[in-house]
Amino acid sequence: MNEYKEKILRICNENSKNTLMETLEIEYVDVGENFLVGKMPVTSKVYQPDGVLHGGAMVALAESVGSAASYIFLNAQDFFIRGIEISANHVKSIKEGDVFAKATIMHKGRTTQVWDIKITDKDDNLISLCKLTTLALPKK
Numbered sequence: 001m002n003e004y005k006e007k008i009l010r011i012c013n014e015n016s017k018n019t020l021m022e023t024l025e026i027e028y029v030d031v032g033e034n035f036l037v038g039k040m041p042v043t044s045k046v047y048q049p050d051g052v053l054h055g056g057a058m059v060a061l062a063e064s065v066g067s068a069a070s071y072i073f074l075n076a077q078d079f080f081i082r083g084i085e086i087s088a089n090h091v092k093s094i095k096e097g098d099v100f101a102k103a104t105i106m107h108k109g110r111t112t113q114v115w116d117i118k119i120t121d122k123d124d125n126l127i128s129l130c131k132l133t134t135l136a137l138p139k140k
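For the sequence shown, our numbering gives the first residue as 1, with consecutive numbering after it.
The set of hints was computed from the structure by calculation and includes no laboratory data.
Hints may contain errors.
[To be verified] Using 27 Å as the maximum straight-line C-alpha spacing, the simulated BS3-like pairs for lysine-lysine come out as follows:
#1 K45 - K92
#2 K39 - K7
#3 K39 - K95
#4 K122 - K17
[As the list claims (entries may be wrong)] DEER-style ranges, computed between Cβ atoms:
#5 T19 - I84: 15 to 25 Å
#6 E96 - L135: 29 to 39 Å
#7 R10 - T43: 20 to 30 Å
#8 L129 - E33: 20 to 30 Å
#9 G51 - Y4: 39 to 49 Å
#10 D98 - P49: 20 to 30 Å
#11 Q77 - Y47: 30 to 40 Å
#12 D98 - E33: 19 to 29 Å
#13 V52 - G109: 28 to 38 Å
No residue lacks a Cβ here, since even glycine has one placed at the ideal position from N, Cα and C.
Given these sequences and hints, build the entire structure.
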């Protein structure tokens, strides 16, 4: 399983080259049977003007991790994955360190998937709670 896990994470990270995920320094760091975890550093690059992590950066992290999880857990050879709705409740601010987004599947339908995405700090304090709905479109 460890070799398989490393392969999935390597592919996810390679697919991030020259994208928003690379710009935000998002790195995929863990994967399991029904979840994917991404990490993003909190630096001035992702601040809002008053010096804390921007809510939009958290939403970008959540959608990136949730969409990547859809690719992993669906047959990405046959489908395009698109986020169609996201909601976020930002419950705590953070100024430094890393944030971790863990996307866990709540509903895995043939065409739509619903992901619960918790963004936490290194001490597992909840920073933001997000819900993402993705759509699987046939490539044919």
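Problem set entry | Those earlier numbered hints the structure runs against, lowest number first | none
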